[in-house]
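A.B. asks: Keeping their order, the protein sequence lines are chains A and B. With our numbering, the residue at position 121 of the first sequence is 121, and numbering never jumps. With our numbering, the residue at position 119 of the second sequence is 119, and numbering never jumps.
Source of the hints: derived by calculation from the structure; they are not laboratory data. Here a beta-carbon is modelled for each residue, glycine too, at the ideal position from N, C-alpha and C. One or more hints might be untrue.
[As the list claims (entries may be wrong)] Residues on chain A that point at chain B, a partial pick, calculated with CB under 10 Å:
#1 Pro25
#2 Tyr30
#3 Gly33
#4 Met47
#5 Ala53
#6 Leu60
#7 Phe78
#8 Val102
#9 Ala146
#10 Gly160
#11 Ala181
#12 Arg187
Residue-level listing of the chains:
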Amino acid sequence: MHAATDPLAIVDHEGKERPAGKIQPYWNPYLAGIGLGLVLLASFVIMGRGLGASGAFSSLVATGVNAINPAHARANSFYVDYLGDGTSNPLMDWLVFEVIGVFAGGFISGALAGRLKATTEKGPHISPRGRLGYAFFGGALMGIGAKLARGCTSGQALTGGAMLNLGSWTFMLAVFAGAYAMAYFVRRQWQ
Amino acid sequence: MSAPFYKFGLFGDNIGLVIAFVIGIGFGFFLERAGFGNARILAAQFYFTDLRVFKVMFTAIVTAMLGLFYLSWIGFMDLALVYATPTFLLPQVIGGLILGFGFVIGGYCPGTSAVSAATGRVDGMIYLVGLITGTFVFGEFFPLVERFYVATPMGRVTIPDILSLPYGLVVFLIALMAVGGFAGATWIEKTVAAKRGAVKP
Numbered sequence: 001m002h003a004a005t006d007p008l009a010i011v012d013h014e015g016k017e018r019p020a021g022k023i024q025p026y027w028n029p030y031l032a033g034i035g036l037g038l039v040l041l042a043s044f045v046i047m048g049r050g051l052g053a054s055g056a057f058s059s060l061v062a063t064g065v066n067a068i069n070p071a072h073a074r075a076n077s078f079y080v081d082y083l084g085d086g087t088s089n090p091l092m093d094w095l096v097f098e099v100i101g102v103f104a105g106g107f108i109s110g111a112l113a114g115r116l117k118a119t120t121e122k123g124p125h126i127s128p129r130g131r132l133g134y135a136f137f138g139g140a141l142m143g144i145g146a147k148l149a150r151g152c153t154s155g156q157a158l159t160g161g162a163m164l165n166l167g168s169w170t171f172m173l174a175v176f177a178g179a180y181a182m183a184y185f186v187r188r189q190w191q
Numbered sequence: 001m002s003a004p005f006y007k008f009g010l011f012g013d014n015i016g017l018v019i020a021f022v023i024g025i026g027f028g029f030f031l032e033r034a035g036f037g038n039a040r041i042l043a044a045q046f047y048f049t050d051l052r053v054f055k056v057m058f059t060a061i062v063t064a065m066l067g068l069f070y071l072s073w074i075g076f077m078d079l080a081l082v083y084a085t086p087t088f089l090l091p092q093v094i095g096g097l098i099l100g101f102g103f104v105i106g107g108y109c110p111g112t113s114a115v116s117a118a119t120g121r122v123d124g125m126i127y128l129v130g131l132i133t134g135t136f137v138f139g140e141f142f143p144l145v146e147r148f149y150v151a152t153p154m155g156r157v158t159i160p161d162i163l164s165l166p167y168g169l170v171v172f173l174i175a176l177m178a179v180g181g182f183a184g185a186t187w188i189e190k191t192v193a194a195k196r197g198a199v200k201p
């Protein structure tokens, strides 16, 4: 005897039924890793550069500072690095466009897998407010660390890692060391 | 030699920006597929309950590393034309440690927070606000840390260079270590998850 059908169920192309909004499981990590590696390889072959993320936010910050106080921005070589000589718009930048793509790609994948959800990811023993405080503070540390290291997990670990860059591998070890050393102190947030 | 295409003048900067957007879509797509839009999955790496971060990251590194090696070996690609960030050992170690703290405290890195925010996660959005704030703070204090920022410069240097080993041998050894690492990671997950419980998406 067939069970009562869910009126909201979606029938896929094989005629199998699945409940509406059913969340698909994440991919096998090795499969996702190969996909990520091939995207990185394509970037090397086509552009002669790897992937990145934090640099796009530096361009954004430099543009913002320059809009508010151009003299202040021009006097700071960190901002100048991202602003260029002033002849071109610093937001017409390769990494800025790549990161806009990351937002789009993440959204597409999440939508196709039924994983779009307005929520706050956290462990069971912390309030959403508390978690957001940690998220802000962690993000700020990440911004400082990534600039000091000349790149983040994308630009240094993945890109420089695949190129066997000495600084990138040293950086990667430091990232894991730092995160494991800190994990105990913020366990309340996750466990 | 015909790659990198951009360096051989196959297209200009504007087409390059379109390519950047398309490559970014691929990057974001696979990050989300891996589960990296979810801070609990990412943080689980540092409590040994789910080692996806390690597995995905090193599979990606090994895939691209083998591809680069093979394409340069058959003479298709000139690796000297690929941009590599120069090594500044000390700031990269300190920066890496700070970034590691930020990773487990905030739950994301910059790329994964973009995916997290794009899929509706409020913690990912707030993390991005923090990231922009931190970048601004670094920018404002840059004149004070500039000397440290350029300390211990080593130029463009790779692991084969520093160990005086052939490029191909290092590629082989890293691939071998990764496979061993994957087996070890799976064993750790089974042992720890049995004790603490696995992460549920």
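A.B. asks: Which numbered hints are broken by the structure, listed smallest first?
C.D. replies: none
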